[in-house]
Amino acid sequence: MSSATAPEAVRPEATPSAKPSTTGSSRRSEGRLWSAGSVGLALLMAVPVLVILGFVLVPAGDSWRHLAATVLPGYVANSLLLMLGVALGTLIGGVGTAWLTSMCQFPGRGLLEWALLLPMAMPAYIIAYTYTGMLDYAGPLQTALRALTGWGYGDYWMPEVRSLAGAAVMLSLVLYPYVYLLTRAAFLGQSICVLDVSRTLGSGPWQSFYRVALPLARPAIVAGLSLALMETLADYGTVKYFGVQTFTTGIFRTWYGLGDTAGAAQLSALLLGLVIVLVALEKGSRRHARYHHTSQRHQAIRRHRLHGWRAALALTFCALPVLLGFLIPAGQLGIWALTVAEEAYDARFLRLTLNSLGLAAAAALLALGLALLLGYAKRLHPSPAVLASVRLAGLGYALPGTVIAIGVIIPFAWLDNSIDAWMRATFGVSTGLLLSGTLAALLFAYLVRFLAVSLQTVEAGLGKIRPSTDDAARALGLRPAGVLWRVHVPLLRGTLLTAALLVFVDVLKELPATLILRPFNFNTLAVRAFELASDERLADSAPAALMIVGAGLIPVILLSRSITSSRHVQTP
Amino acid sequence: MSKRLEVEAVRIAYEGRTIVQETTFALDEGVIGCLLGPSGCGKTTLLRAIAGFEPITQGEIRLHGQRVSTPGWTLAPERRRVGMVFQDFALFPHLTVADNVGFGLRQLTSRERRDRVAALLRLVGMEQAKRRYPHELSGGMQQRVALARAMAPRPEILLLDEPFSSMDAALREQLAREVRDVLEREGVTALLVTHDQLEAFAMADRIGVLSQGEIQQWASAFELYHQPANRLVADFIGQGAFLPAEPVDAHSVMTELGRLSSASGHDLNPGTPAEALIRPDDLVDDPASQIRASVIERAFRGAEYLYRLRLPSGSEVLCLLPSHHQYAPGADIGLRLEAKHLVVFASRDRG
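Protein chains in written order, with the UniProt record's numbering: chain A, 1 to 572; chain B, 1 to 351.
Please keep in mind that the hints were generated in silico from the structure rather than gathered at the bench.
Hints should not be assumed to be uniformly reliable.
Reference listing, derived: stretches of chain B covered by chain A, where coverage requires no fewer than 3 residues with Cβ under 8 angstroms from a Cβ of chain A [stated by the list, open to error]:
#1 84-90
#2 93-104
#3 120-127
Now the stretches of chain A that chain B is said to cover, found in silico as 3 or more residues with beta-carbon under 8 angstroms [unchecked claim]:
#4 268-274
#5 487-497
Nothing here was measured: the structure is a model prediction, and the numbers come from that model.
C-beta atoms are modelled at their ideal positions from N, C-alpha and C, and glycine is treated no differently.
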C-alpha cells in the first residue's frame with residue numbers, strides 16, 4: 001500500500017456511488033478546478049450570443065430606423081414565406097416517407113429506408129446552383145425539351161428556379177430528412193396495439209393513421225420540423241444565390257454594403273429571436289413526447305404488404321426525394337466535374353483542399369477536447385452551475401452562422417482596438433489587428449457553432465459508462481483526470497471518432513461564417529465553390545462541391561448504420 | 001341460444017409454418033370463453049385471426065352467422081364489430097379517458113356519445129377520472145378504461161388478450177372476477193386468452209386448452225380438472241401424478257394405492273397397461289392404512305401442506321394434508337385413496 005494512494009482510496013459510506021465526488025481536500029480542489037473550468041469555457045462560448053443580445057439594449061439608431069422603414073418588412077415576409085414553404089415541403093416529404101417505410105412493405109423499401117437520408121449530404125447552396133444549371137435555357141432539360149418538340153426561345157413556359165418558391169423547394173429537398181428521421185423513430189416506437197385497437201373500434205387504416213398514429217407522432221414531427229426551420233433561417237448560400245432577400249442576406253448587406261455594425265447586430269438579434277422560438281418549440285415537443293410512450297410491452301410492427309399500383313406509388317413517392325435531393329444533382333455535379341477534369345485539379349485546388357481539411361480537422365479536435373472536458377466535468381460534478389454552463393455551451397447549434405460571425409467579429413475587433421490603443425499609449429507601438437481576420441477568429445466561430453454536435457455525442461457515450469467504473473478506477477488510485485484519460489477515453493474511442501467526424505464534416509460544409517470571418521485571401525472548398533457558382537462558372541465549381549458532398553456522406557453512413565442496427569420489425 | 005362466434009376447422013400458417021392446427025369451437029350468446037395454454041401455443045394468433053388482424057389458411061370464421069374470414073379473404077377489423085382489450089391496454093396516450101372510451105362512437109350524436117361514455121365509465125367505476133390522461137392512471141385503472149372503450153360500441157364479441165398479465169399476481173383474480181361481473185351485467189359474449197389457469201377459472205364459462213397449436217379439450221373448468229381428455233390437459237391443468245394402473249372391469253382400475261372406480265367408467269380393455277391420475281386431494285392420511293409412503297419434501301400452503309411422497313414401488317405422488325397433520329421429511333405415512341373420479345389413459349398415450 002503506497003501512502004500516495006491512500007487519501008484517494010478512502011471513501012465514506014455516505015457518498016452515493018452515482019456521483020464520485022467531493023471528499024478529501026485534494027479531490028475537492030480538483031473538482032472545483034473542473035467546475036470552474038467548465039463554467040469559464042461555457043461563458044467564453046456564450047460571448048457571441050451575449051454580444052448580439054446586448055445590441056437589443058442599444059437604443060435604435062438612424063440606421064435601424066432606416067432599415068425598419070425600407071428593407072426589414074421584406075426580410076421578415078420573405079423569411080416567413082420561406083419557412084412556410086419549407087415546412088410544407090418537409091412535412092409532406094418527411095412524414096409521408098417515414099410512414100410508408102415504417103408501416104408498409106413494398107419493393108425497394110429496405111434500400112430506401114436509409115437512402116432517404118442521402119440528401120442530408122447535399123448542402124442547400126450546392127443543390128440550388130446545380131438545379132439552376134440544369135434547368136437553365138442552355139441546360140440539359142430545356143435543350144432536350146426543345147430538341148423533342150422543335151420549340152424555340154419563348155415558345156414555352158418554364159418555372160423560374162431562382163425565386164422564393166424555388167428556394168423553398170431546394171431547402172425542402174435537403175432538409176426533409178430531419179423530419180423523416182425523427183418521425184420514423186416515433187412511428188417505430190409506437191406500440192402496434194394502439195393502431196390495432198383503433199381498427200377494432202371501427203376506424204380504417206387511413207383513419208387510424210390520422211386519428212392515432214399522426215397525433216402520437218406529433219411531438220417528434222414538430223421537433224424535426226423545428227430543426228429543418230432552424231436550418232432554413234440559417235441558410236445564406238441558397239437565398240443569396242437565388243436573390244431572395246431574407247434576414248441572412250440582409251445581415252450580410254448591412255455589414256458589408258453599409259458597414260453598419262449596430263444594424264447588422266440588431267438584425268441578428270431579431271433573427272435570434274425567431275430561432276429561440278423554434279428552439280423552445282423543439283424542446284417543448286421533446287418533453288411532451290415522453291407522455292406519448294404507448295406501452296412498455298412492445299409488439300413488433302408487422303408491415304402492411306402493398307401490391308400492384310399501390311406498391312408502385314409508394315416506391316415512387318419514396319424514391320422521388322432521393323432522386324431529386326441527391327442522385328440527380330450529384331450526377332450532374334459528377335458530369336460537370338468530368339468536363340473540367342483536365343484543368344480543375346491544379347495546385348490551387350490542392351491548396352483549397354488542404355485549407356479546408358486542415359481547418360476542419362483543427363476545429364474537430366478542439367471541439368472534441370472541449371466536449372470531453374465539459375462532459376466529464378458534468379459527470380464529475382453535476383452542480384447547477386456546471387449543468388447550466390454545459391447547456392449554455394451547447395446553445396450554438398441553433399444559431400445561424402451569420403449571427404455567430406457578427407457576434408464573434410464585434411468583440412474581437414473591440415479587443416484588438418483596445419490592445420492597440422493601450423500599446424500605443426504605453427509603448428508607442430501599434431499592434432494593429434491581432435485576432436480579427438485570423439484563423440483564430442474563424443476557429444472560435446466554428447467551436448461556438450458546432451461544439452453542441454460533439455458535446456451531445458460525447459455525453460451520450462459517457463452516459464453509457466456505469467458510475468461504478470469511475471469508482472473502481474478512483475479506488476485504484478487514479479485522479480479524475482487520470483480516470484478520463486486512462487478509462488473513459490479508451491472506452492469511448494469509437495464515440496470520440498464519431499464526434500470528431502461529425503464536426504469535421506459540418507465545418508467543411510459551413511459557408512456564411514467562413515465568408516465573413518476568413519482571413520484575407522484565405523479560401524476553402526465551400527467558399528470557392530460558392531464564389532465560382534455565383535460567377536456562373538457552375539462546371540468549375542463542381543470538383544469542390546463534389547468533395548463537400550462526398551464528405552457529407554460520412555455522417556449519413558454513420559446514421560444509416562445506427563438505423564439498420566436498431567431494427568426490430570418483422571414482415572409477414 | 002344463437003351462436004355468436006363459430007370457428008370452424010381453422011388453420012393458420014405463415015410461410016409454411018403452421019401456428020394453429022385445425023381448430024373448431026363455438027361460443028353461444030352471453031357466454032365467456034377462454035383459450036388457455038402456455039406461451040407460444042398459438043392462442044394469441046387465433047384471437048387476432050378472430051379480430052381480423054391475421055388471415056387464415058384454412059376453414060372459416062363466422063360472427064353472428066356471417067362469414068368474416070375464409071382462406072384468401074379477411075373482412076377488415078374495423079368492419080367486424082369486435083371489441084378488443086390488449087395485453088398492454090394500448091390506451092391512446094393523446095386522449096383523455098372519456099375520449100378514449102368515446103373513440104369508437106363516431107356515428108353517434110355528441111349527446112348520445114356523452115351518455116354512452118358516462119354509462120360505461122359508471123359501469124367500470126371510473127366516472128371521476130374521465131378528464132385524466134392514461135399516463136396519470138394506475139395499471140388497474142387503465143385496464144378498466146380499456147374494457148369500457150372496447151365495450152362502448154356494443155361489439156358482437158369482446159376479445160381479451162392476456163388482460164391481466166401485467167398486473168400483480170395478488171390483484172389478478174380479483175380483477176378477473178370484477179371484469180366477469182361487468183361482462184355478465186352487460187350480457188357480453190367474450191373470448192379471453194391467457195396462460196394462467198386461475199385467471200381462466202375465475203373468468204370463463206367454457207375453456208379451451210390449447211397446446212401445440214391444437215385445442216385439446218373444450219369444456220368447463222370443473223370438467224377440465226376432473227375429466228381431462230388426455231395427458232396434455234391433465235398435465236397442464238392442476239397438479240397431480242400418474243401411477244401405473246390395470247383395468248379391472250369397465251368401471252374401475254387397480255393401482256398401487258388400491259382400487260379406483262367411477263360410474264362413468266373407462267373404455268380400456270382389461271389387461272391394457274394404463275396410467276391413472278392421482279390428484280393431491282384424492283389422498284388422505286390414515287395411520288391404520290396398509291399402504292405406506294415416505295415424505296420426500298413438503299411445502300407450506302397456509303391451511304395445508306403439499307407433500308411429495310415416495311411409494312414402496314418408487315413412484316411419486318402429491319398429497320395435500322391439513323396443516324395440523326404434520327409429517328417431517330423422511331417420516332412414514334399411512335395413505336388412503338378417497339377419489340370419486342377416475343382419470344385413466346392407456347400407457348402409450350403418454351406425452
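Each hint tested on the structure:
Here's how the region 84-90 of chain B fares: 6 of its residues keep a CB closer than 8 angstroms to some CB of chain A, so the rule of at least three is met and the hint holds. Coverage of the region 93-104 of chain B by chain A holds in this model, with 4 residues showing a Cβ closer than 8 angstroms to a Cβ of that chain against a need of three. Residues of the region 120-127 of chain B with a Cβ under 8 angstroms from some Cβ of chain A number 0, which does not satisfy the need for three, so the listed coverage is violated. Figure legend: the region 268-274 of chain A, annotated as covered by chain B; annotation inconsistent (0 residues with Cβ-Cβ distances under 8 angstroms, at least 3 required).
Restraint check on the region 487-497 of chain A versus chain B: 0 residues with Cβ-Cβ distances below 8 angstroms, three needed, restraint violated.
Violated hints, in rising order: 3, 4, 5; the structure is consistent with all others.
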